[in-house]
Amino acid sequence: MTTTTTPPETGHQHTAAASAATGRRGLRLPFNASHLFLAPLAGLFALPLLWLLASSVMSDAQFNRFPPALVPSGIDLSGYRYVLGNGMFPRWLLNSMIVSAVAVASNLVFGALGGYAFARMRFGGSRVLLVLMLATMAVPFQLTMIPTFLVMKNLGLIDTLGALIVPSLVTPFAVFLLRQFFLSLPRELEEAAWIDGCSRLRVLWAIVLPLARPALATVAVLTFLTTWNDLTWPLIAINHDTQYTLQLGLTTFQGTHHTRWSAVMAGNVITVLPVMLAFLAAQKTFIRSLTATGLKG
Numbered sequence: 461m462t463t464t465t466t467p468p469e470t471g472h473q474h475t476a477a478a479s480a481a482t483g484r485r486g487l488r489l490p491f492n493a494s495h496l497f498l499a500p501l502a503g504l505f506a507l508p509l510l511w512l513l514a515s516s517v518m519s520d521a522q523f524n525r526f527p528p529a530l531v532p533s534g535i536d537l538s539g540y541r542y543v544l545g546n547g548m549f550p551r552w553l554l555n556s557m558i559v560s561a562v563a564v565a566s567n568l569v570f571g572a573l574g575g576y577a578f579a580r581m582r583f584g585g586s587r588v589l590l591v592l593m594l595a596t597m598a599v600p601f602q603l604t605m606i607p608t609f610l611v612m613k614n615l616g617l618i619d620t621l622g623a624l625i626v627p628s629l630v631t632p633f634a635v636f637l638l639r640q641f642f643l644s645l646p647r648e649l650e651e652a653a654w655i656d657g658c659s660r661l662r663v664l665w666a667i668v669l670p671l672a673r674p675a676l677a678t679v680a681v682l683t684f685l686t687t688w689n690d691l692t693w694p695l696i697a698i699n700h701d702t703q704y705t706l707q708l709g710l711t712t713f714q715g716t717h718h719t720r721w722s723a724v725m726a727g728n729v730i731t732v733l734p735v736m737l738a739f740l741a742a743q744k745t746f747i748r749s750l751t752a753t754g755l756k757g
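Take the sequence shown: its letters are residues 461 to 757, numbered as in the numbering used here.
Be a bit skeptical, because a hint or two may be false.
Claimed, not checked - Beta-carbon label-pair distances, calculated as ranges:
{"hint": "1", "residue 1": "F505", "residue 2": "K744", "range": "14 to 24 Å"}
{"hint": "2", "residue 1": "A652", "residue 2": "L603", "range": "41 to 51 Å"}
{"hint": "3", "residue 1": "M557", "residue 2": "L513", "range": "39 to 49 Å"}
{"hint": "4", "residue 1": "F739", "residue 2": "T711", "range": "21 to 31 Å"}
{"hint": "5", "residue 1": "E651", "residue 2": "A493", "range": "38 to 48 Å"}
Just so you know, the hints here were simulated from the structure itself, not pulled from any lab data.
By construction, the Cβ of each residue, glycine as well, lies at the ideal position given by its N, Cα and C atoms.
Go ahead and model the full structure; you've got the sequences and the hints to work with.
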């Protein structure tokens, strides 16, 4: 009977290799190494929000002293009391919610219809119309605000919420983003539905839109963010304080000779909260949409 023995050198080599492997396993991080760079970067981007929150609980005396305080010495809620005690604040909040909700709903409806038409239907001049629509995205708002104001004036919508809603009913970005997402969906699903006798609208409603939830969520979040934070157009189209949006109403806290900085900061915190909540609620679908949407022709 033959007995095989391991030479001493080989045994030492196996032991050393095992020790090295154990050492490498011991150095493994519980997270991706890229987080070591991304975490400080995220903290850097969060600094303005943290300072906004901290400054909203400062008193006006802390704002007006020199040098200005960066960290509040205590919690002072006078700014929040001033903002929430303003009789027009609930009206401004309601106006912003109405304008943003209508803009989001209309962009989802018209954007889906237009995007599906450009993605699946071929008709004369479709490419030209698509290029012209995309070209409007390169036109700055400063060039279109006067013609838009004249159109709204002729429609009798100046100084009403309609002047804020109508120009935002559909945007080229919503149509383009949904078109790109629809192009990434397989045609076989729609063709099977057509064989079963479904119309195009039925296919869009029952098959395409449920698959396009990430893109729809992206359009909803970006439209809500743009409409909610808009100040320039309401400043042009609205004159009476009962029709002010939240952003326009907050400007009344800043006067020529005196500014209630605590109220301005508290109002900005209240204004930012809906946007942050909307983004956090649709964060996963937002990322899925950006990764799934490509530049297909």
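Against the structure, the hints come out as follows:
1. A hinted range of 14 to 24 Å holds for the C-beta pair F505 and K744, which are about 20 Å apart.
2. Restraint check, A652 to L603: a C-beta distance of roughly 46 Å satisfies the suggested window 41 to 51 Å.
3. For M557 and L513, the hinted distance range of 39 to 49 Å is not satisfied, since their beta carbons lie about 22 Å from each other.
4. The supplied range of 21 to 31 Å is met by F739 and T711, whose beta-carbon atoms lie about 24 Å from each other.
5. The hinted range of 38 to 48 Å is satisfied by E651 and A493, whose Cβ atoms lie roughly 46 Å apart.
In summary, the structure is inconsistent with hint 3 from the numbered list given earlier, while agreeing with all the others.
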